[in-house]
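2 protein chains.
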Amino acid sequence: MISTRSYSLMVHGGAGAFENLRAPECEAETIESIRRILEDGREILQRGGSALQAVEACASLLEDDPLFNAGRGSVLNEQGRAEMDAAIMDGRDLSAGSVAAIGEIANPVQLARRVMSESGHVMLIGEGAVRFAAQCGIPRVPDAYFLIPERIEQLKEAQKKLQTLSDKKNDGHEFGTIGCVARDIEGNLAAATSTGGIVNKLSGRVGDSPLIGAGLHADNETCAASATGHGEDFMRTVLCKMISDYVYLKGMDAHQATAAGIDFLTRRICGQGGVIVIDHAGNCASGFTTRKMIQGWIERGAGTIVRI
Amino acid sequence: MISTRSYSLMVHGGAGAFENLRAPECEAETIESIRRILEDGREILQRGGSALQAVEACASLLEDDPLFNAGRGSVLNEQGRAEMDAAIMDGRDLSAGSVAAIGEIANPVQLARRVMSESGHVMLIGEGAVRFAAQCGIPRVPDAYFLIPERIEQLKEAQKKLQTLSDKKNDGHEFGTIGCVARDIEGNLAAATSTGGIVNKLSGRVGDSPLIGAGLHADNETCAASATGHGEDFMRTVLCKMISDYVYLKGMDAHQATAAGIDFLTRRICGQGGVIVIDHAGNCASGFTTRKMIQGWIERGAGTIVRI
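Note that the protein sequences, when read in sequence, are chains V and Z.
Counted from 1, the first sequence has number 129 at position 129 by my numbering; the numbering is strictly sequential.
Take any residue in the second sequence, note its place counting from 1, add 1000, and you have its number in my numbering.
Since the hints were made in silico from the structure, they are not lab data.
Keep in mind that the hints are not guaranteed to be accurate.
[Unchecked claim] Covered stretches of chain Z (chain V as the covering partner; in silico rule of three or more C-beta atoms under 8 Å from a C-beta of chain V):
id: 1; region: 1123-1137
id: 2; region: 1140-1151
id: 3; region: 1211-1224
id: 4; region: 1227-1241
id: 5; region: 1245-1259
Quick caveat: nothing in here was measured; it's all calculated off a predicted structure.
Glycine is no exception: its CB is placed at the ideal position from the N, C-alpha and C atoms.
Assemble the whole structure, with the sequences as input and the hints as a guide.
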């Protein structure tokens, strides 16, 4: 059943991060930030803004908040630099834009949007993407913008611990991403993701966040989904597209499709992470294999809920 | 029905390329090359080699043949350099490896295989990927290896024509890719893709070839698929994963799933290109929206067939 002229909005701030990474005193601050960002998104959707506008705006706000591993708060790579990935997808016509391994851009999701609308391509990476940003008039920010004391400390710790880590996959550092999905009052769906990736990562490693179908997907006929977790697991299962296919080919709603997707992730590859999903009827669902996922939502115009 | 201990193998050399690009006299040479490569792949599968070995070997041979737009025969980017993408996927455990925007590597598909087995990641791009190649002992080849007179000529022509092209999408130059899918006698599936991308492309543009789910997919429970065509169309539809989901969620065979996938590609976004598919029972199928696709196959150990 398609509900009439109601909007839905979901954001996430990563899965598992709180298990190893953060002090409990950050939780209240994180909840407050997510709540504020959802209210900003609500304003856009309430006055008839598009799902695409809402996910770009909310993802940009998450990128601006140093609490989250994306944009300003991106973790640093092996070279001590922010090397970011982001993507955006419009469920109306399946158009999409994506950037990977870029530095010096404050809001990678906004560059992804320009790739979608102005490049004639879907994905631009590295220096080529940064040159395209210049053509679009998007200013470069200095490296110092990303050099937050907490992130420098985190990199030092990761580099110290590296020798003693037997299983990097279980390290909570990996699970930081932000994402957003929305349904506007016209029934259009959109999704966006953004991340700084993994602390101390190999330069050139790309995770699921900028990959259409893996880290995000949006199709008006099915659902909008955004993933967070061990990126490689979502790439191998192409999980956001698979959840869309559960809706398309099995007639599932957001809850059923999310559960089926997480089941597949677990059964086939013991994958780790989570996903937020809004279906074409505006139902909001989430699923995760980690102990926690930072998430908040507004379901069909109702009150704002935030969970960690 | 799973057939017993028989192998199947398919390769493609791009869709649409012959429409605008090549003289008819190249056709015989291309058919002969595809036939030889299939026979080499047959030898591997016949003596019990794995599907993964077969697709890596066949993709490497296609990369070595300057007739095809991959490896040695890669078209040149705006800077006059080969900038290549490749990926490989193992249907046994959904493990995958991918490289994008790399130069100076003779066989990108072999580097993708090493990313899969040795990096702990799925995707490495640009300089980071080339540094990883050095760690693996894969030698760099000089730029001159890729500077085939035909490709230099092609770049010059493309740069001359650029101002007069109203719709770049319809230019046959874009449709060069190689791909391979196989089922071994144990019933394992694998897929590989490799490409030089688009003539005169923006440095940093990544197409579907290195993207798991878009340009290729392999899952022992469903099928192995490899795509070629207008890369952005396959990225937006995540078509190879979708074909796998048609098998998984609808119980379709390779023929039905391929037809359903091509239908979706056409209906939703007027996408252009083609795909080769082998399902878990060893059935071989292909589908394309272009007038032609260069392809060859061996179905359940039978005789070699090549079509353009």
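Now for the hints, and whether the structure bears them out:
Only when three residues or more bring their CB closer than 8 Å to a CB of chain V does the claim for the region 1123-1137 of chain Z stand; here the count is 9, and the claim holds. Coverage of the region 1140-1151 of chain Z by chain V is violated. Counting CB-CB distances below 8 Å, 0 residues qualify, and the rule asks for three or more. For the region 1211-1224 of chain Z, the stated coverage by chain V holds: 5 residues have a C-beta nearer than 8 Å to a C-beta of that chain, and at least 3 were required. A count of 7 residues in the region 1227-1241 of chain Z with a Cβ less than 8 Å from any Cβ of chain V is obtained; the coverage claim is therefore met, three being the minimum.
Only residues whose C-beta sits within less than 8 Å of a C-beta in chain V count toward coverage, and the region 1245-1259 of chain Z has 4 of them, enough to reach three; the restraint holds.
When the structure is compared with the earlier hints, a violation turns up for hint 2 alone.
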